[in-house]
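Enquirer: Chains as they are written, first to last, in the numbering used here: chain A, 1 to 285; chain B, 1001 to 1285; chain C, 2001 to 2285; chain D, 3001 to 3285.
Rather than coming from a laboratory, the hints here were simulated on the basis of the structure.
Errors might be hidden in some of the hints.
As the list claims (entries may be wrong) - With a Cα cut of at most 27 Å, we get these calculated DSSO-like pairs of lysine-lysine: (1) D:LYS3149 - C:LYS2253; (2) C:LYS2280 - B:LYS1015; (3) C:LYS2149 - C:LYS2204; (4) D:LYS3253 - C:LYS2280; (5) C:LYS2280 - A:LYS253; (6) B:LYS1253 - D:LYS3280; (7) D:LYS3253 - B:LYS1253; (8) B:LYS1280 - A:LYS204.
Said to hold, decoys possible - Quick list of the computed label-pair ranges, beta carbon to beta carbon: (9) C:ALA2184 - A:VAL111: 26 to 34 Å; (10) B:THR1070 - C:ASN2079: 17 to 25 Å; (11) B:THR1086 - D:GLY3112: 37 to 45 Å.
Stated by the list, open to error - To be clear about the criterion: a stretch of chain C counts as covered by chain A if any three or more of its residues have a C-beta under 8 Å from a C-beta of chain A, and this derived list gives those stretches: (12) 2110–2116; (13) 2251–2257.
Small disclaimer: the values here were computed from a predicted structure and weren't measured.
Think of the CB as a built atom: it goes at the ideal place given N, C-alpha and C, for glycine as much as any other residue.
Protein chains: 4
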Amino acid sequence: MSKTAVLLIDCPDRKGIVAAIANFLVREYDANILNADQHQDVELGLFFMRVEFATQNPACDEAQFRHVFTPLAEQFRMNWRLTFATPTRNVAIFVSHYLHCLADLLDRRQVGELNCNLSLIISNHENARALANFHGISFHHIPITTANKAQAEHRQRELFAAHQINLIVLARYMQVLSPDFVRAYPQQIINVHHSFLPAFTGAKPYHAAFARGVKLIGATSHYVTEALDEGPIIEQDVTRISQNDQLPDLVQKGRDLERLVLSRAVRWHLNDRILSYANKTVIFA
Amino acid sequence: MSKTAVLLIDCPDRKGIVAAIANFLVREYDANILNADQHQDVELGLFFMRVEFATQNPACDEAQFRHVFTPLAEQFRMNWRLTFATPTRNVAIFVSHYLHCLADLLDRRQVGELNCNLSLIISNHENARALANFHGISFHHIPITTANKAQAEHRQRELFAAHQINLIVLARYMQVLSPDFVRAYPQQIINVHHSFLPAFTGAKPYHAAFARGVKLIGATSHYVTEALDEGPIIEQDVTRISQNDQLPDLVQKGRDLERLVLSRAVRWHLNDRILSYANKTVIFA
Amino acid sequence: MSKTAVLLIDCPDRKGIVAAIANFLVREYDANILNADQHQDVELGLFFMRVEFATQNPACDEAQFRHVFTPLAEQFRMNWRLTFATPTRNVAIFVSHYLHCLADLLDRRQVGELNCNLSLIISNHENARALANFHGISFHHIPITTANKAQAEHRQRELFAAHQINLIVLARYMQVLSPDFVRAYPQQIINVHHSFLPAFTGAKPYHAAFARGVKLIGATSHYVTEALDEGPIIEQDVTRISQNDQLPDLVQKGRDLERLVLSRAVRWHLNDRILSYANKTVIFA
Amino acid sequence: MSKTAVLLIDCPDRKGIVAAIANFLVREYDANILNADQHQDVELGLFFMRVEFATQNPACDEAQFRHVFTPLAEQFRMNWRLTFATPTRNVAIFVSHYLHCLADLLDRRQVGELNCNLSLIISNHENARALANFHGISFHHIPITTANKAQAEHRQRELFAAHQINLIVLARYMQVLSPDFVRAYPQQIINVHHSFLPAFTGAKPYHAAFARGVKLIGATSHYVTEALDEGPIIEQDVTRISQNDQLPDLVQKGRDLERLVLSRAVRWHLNDRILSYANKTVIFA
């Protein structure tokens, strides 16, 4: 039986990497390379590669691959990650008042765009419960106050553990996560910010955009790091506005951007198409 | 003989403005309204209007219009400006090392997109001279040093006076204008900044965009005010970049954006399609 | 109490229309013009106007307006339509296998983007029933065969009558409506076609786009007329594809375009922002 | 001394191609793979690859490469092409009345965007002569009538031979080339058509777009084949239009699209980034 796996690599750029990897996969696993994509960051002298391959070799699993691949990885000083197509990842979605990104993700899951289990919806409000129930997803109402924040995060992390969550999506979740929380899930938390970052960080970006008189508004999806709105950008998009557009129109047009950039980020993450380095991302799309 | 004029108005929003203006034009000038466009800024309670009209009434000139329109303008507390289609405006272009925006504007003038006299090209370098000569435009090399800056600006302003310049275009001019200079030409200086403002103000925006890892780069044309890169935005555009794009690719893709946003701003200004208020612009395009 | 109404006009272009209408509204209703927008089709010599106004005059209703406005309308040979903000319209959605446009419209209704009652969902399949039930919308499964088509359409029209439907949205409905049916609802049926019309009319447009090797794919929303895929275009959008995109990727990217162009068309229609003439549309957006 | 070369390959998709090529380049030339990009057309079962490599092996030239690579190429049934970075290609530009694309290409050559010699400008009109002279490019006025067409093409082909032309760019050239002419330069003639193909083929596409009431207009660059407007599409772009845009506005907005799609196609061709197959193109951009 054939297995499919994705190998993501970054390392200092030097001669022979592509051939070395291709040879390794053919020699060890008689692999069929389904897709190979590579890039350089010339400024930083870095090399990035994504290889999707199929093999019929039953020996090939994560442990065995680590064993045989490590010498090559060390030789080229690679960071690397191997993911098999199965099993699918377990995803938790955080949401507050605005449900449009949540509804969009649920619909895309339905349509088959998102290769994952949507296991868990957590909100500091009650209003997403009906939607969660309709889709048969476990819903947890965890209110947040300054007093109970640590406790609330503890409860959230228990739920993650119970559901073996490996991706957390902040779908317009209006609470700031603690540094501890963020550090516990590196490159596993995706947020959507409703501006074209780095413009208009912080609260009320549509108000700020309106006040500045920009001619395009944007939205940004990014991995969450301890520095608010400063994590590696995954995707951005913009749309034109005019003087006909008042503040509520910006908010409405912005919702479409938020849906698009967040859903693309989630899909790419789930398909192992994102490599993050130096606070930037490489997207193998 | 028929004359065409453009009336631009902004005032506090209240009932009856559209009817009052339409009536005035019909009553005084038996005018044919060729185009009327209006907008509100709901936040600020402001009203904006652009009316393009034709009249055969020979009495209608700037002085006479001012005389008969003033009572109405005062009643509604209007800021207003009337421009007749003739004569065409005289434009000065400032340029430094990079000539792509200059070449683009010259070509658009040739094609008939820009309704103006390109009267003057001023540069702190020599390399635009051949292009200026080819197009038969007066070229002046005015080097800038910290020592001679005041003197250089004095010389520039003499040239403006001699050529009756009423629009100054900074086509990638790499010198900062003095506050005095800027104040002398309010809403008559258009600059292009090679980023999606307000992101990446200041020097080397493509470097900054590359370092931040944004997924789109932009360019912005704006009126110059004393606060660097903070004047009213006239036009913006963006283009997608990917990890395949290294710094020189950003610069190359950015040139196309710079050409587009600067030329649109110049064209709209020349056609009296821009109204500026509260450090923003309304574009009647 | 103040009422808000939208007046849509098209007529041959000539002098004095704007003033005549503004005067009429002020004189008859002491109206506050909230928004006025006008356009010309220079080729055809036509004039278009949308006026949104508020009045406190209790006399102003549809019948009385018709009575007092008719002389002016006849003088300028106007086609015109007046709509009061209330009551909201009743909408029927037709759907087949693919539910993404339906789910999108339902979510937008929830968020408050669509000013209407979603009264009715009709499908030739069963799979939309759960979604309809969740949103509390009347669902009717009406299978279509060549044999029962006339009968099925009869049943559909009975439902429209019962629900006082004034807009029909074909949200990826895969059946062709009969000419009789189409004629019965002029400019009241909106369809989404999954190509950039007029390219790739007919069945399987993504396959055709893939085969032709285009670099952008599109989607189009339009009013349905008897000529398939040839009604007045309301909105179009496109997205870039690359050689990385295989047929299923086109379908997936296309879904986002379909959601966007269909929902915009429905919103504009519901807000009386569309004027249709000469098989084209003017959008007052 | 190091040489850089680009290898473009298409062949039936099967296991082992990437490894085979990487191995070959390392074994024969101790090559440094600077860039490798590959794609599949899943529908047609085809594989495409572009490899840019550097080698210090002095033996590596076109003849020697052909000799040692042929067995591998035959094994995988490859179509392939090898190009060394030097010497640069010689380009001829054809132009008629409209000069904006020509002016744009000349400016881009100046700026350094186009890696080629612009050797020759041919026109059926005189009006490009001044521009050609300014840029020091050989200009030939070759009028075309139905009577002299064969003769004119003969003259053109003599000029190509004399200047060793290997790319012909039709920069809004308004004459149809004969089948013989087209066959003589397969995938060496690039045209720009002022519509979003396959919509609006043939003459006056802006008129047709205006009449149909589309909401976006486009432009397309493509390789010229015997079937008019049906060659492999290289690049397309679109821009939004509104009811404010009359026919001359479409023409003006279209010029920007024409400049962009034609210049991108020329640049990609010159950098060996285009692979053409099955009347489509793969762009390694």
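Enquirer: State the violated hints by number, sorted upward, taking the hints as numbered earlier in the document.
Expert: 1, 2, 10
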